[in-house]
Amino acid sequence: MSARVIDAAIGFAWAMEEIALTRLFEIAAREHPITPQALEAYRAEALERGERATVRNGVAILRVEGPLFKRASLMTEHCGASSYDVLRRDLATAVGNPGVRAILLAIDSPGGEAAGCAEFAAAVADVRGRKPIVAYVADVGASAAYWIASACDRIICGPSAALGSIGVRMSMTDTRDRDARSGVRRFDFVSSQSPFKVNDPATEDGNARIKARVDALAQVFVEAVADNRGVSAAQVLDGFGRGDVLIGAAAVAAGMADGLGTFESVLADLASSKPLVARFTRPHPRPGSLSAPALKAAVMPPVVPARRQLSAAEIERIETEYAVLAILKARQLALGLAN
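Start counting the sequence shown at 1314; every next residue gets the next number (this note's numbering).
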């Protein structure tokens, strides 16, 4: 990169820590910057006929990220959310693609709408036995996201990943006092044939009916997780966090996940066409009943080296360098210094 471009970048205003900025200029000043070809060893390509899914080494990657909604919207297009409908279509495309040997759900989501979740989770469960399908949770797989993960053949999580939050929540805002102060009056007319169509949460009967509705939906959630994980509903209720999340090894020990790992190790496992390891079936000790080394040995699956793949550290370095070069290139074009 020419000295003129470096000088232009230095003269630009940066809101960045000094160490990071120094590294940026060190990368930009290299005589032989990294080439796009170096990235092709690991970069995933768009799945043919898919919408958001990608494929890498024969493994289709579906990213279940951010808040989850039934249908695509501005939230899913521009705000980092995901749509059950889009995920389901991509799942069907991956299953029908003969070049896809396995499917990886990369999950990082706090959950989302209950509507549509059961249907997508059922579609995931239906893939089992047809193609290997594994969920990897790096950071958060909670509520609806855990429901989906539980439907996979296996769940692998990062050591700091939070899994669980099994249950259903419904919130209502009572604005009647505020409206009364503002002079707003509201009239509701309900057909006489349907006395329970509208339930007032401020009354004992209405509150009980709404709570029963939430409990019924939560029971569907619990039973689905129990069926997916091959355990009893009682075990889900008592040992899967009781609405809270469990972290990493504790989630594995409780039977909520099958092992600890990394995205790259899981992807390499699936790409290697190895037979899928059976789910974690030994008795699950209570968190804290094993020493840290013993717990790690009990739940850490073997890491299969990726063949002809870059390491995670190399990938991070390459991506960082390309981001830096892209920034400087944009600045170069803006100043009219491009060749």
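Honestly, the hints are just simulated from the structure, not real lab data.
Note that the structure is a prediction, hence the values are computed from the model and not measured.
A portion of the hints provided could be inaccurate.
[Unchecked claim] DSSO-like cross-link-like pairs, simulated, lysine-lysine; straight-line CA separation at most 30 Å: (1) 1444 to 1510; (2) 1383 to 1524; (3) 1524 to 1444; (4) 1524 to 1510.
[What the hints assert, rightly or not] Here are the in silico distance ranges between beta carbons for each label pair: (5) 1408 to 1543: 42 to 52 Å; (6) 1548 to 1522: 43 to 53 Å; (7) 1358 to 1516: 54 to 64 Å; (8) 1359 to 1545: 34 to 44 Å; (9) 1483 to 1442: 52 to 62 Å; (10) 1517 to 1408: 18 to 28 Å.
Yeah, the Cβ is synthetic: ideal placement off N, Cα and C, and Gly gets one too.
Against the structure, the hints come out as follows:
no.: 1; hint: 1444 to 1510; verdict: violated, 44 Å
no.: 2; hint: 1383 to 1524; verdict: holds, 23 Å
no.: 3; hint: 1524 to 1444; verdict: violated, 39 Å
no.: 4; hint: 1524 to 1510; verdict: holds, 15 Å
no.: 5; hint: 1408 to 1543: 42 to 52 Å; verdict: violated, 22 Å
no.: 6; hint: 1548 to 1522: 43 to 53 Å; verdict: violated, 29 Å
no.: 7; hint: 1358 to 1516: 54 to 64 Å; verdict: holds, 57 Å
no.: 8; hint: 1359 to 1545: 34 to 44 Å; verdict: holds, 42 Å
no.: 9; hint: 1483 to 1442: 52 to 62 Å; verdict: violated, 35 Å
no.: 10; hint: 1517 to 1408: 18 to 28 Å; verdict: violated, 49 Å
Checked against the numbered hints above, the structure breaks hints 1, 3, 5, 6, 9, 10 and satisfies the rest.
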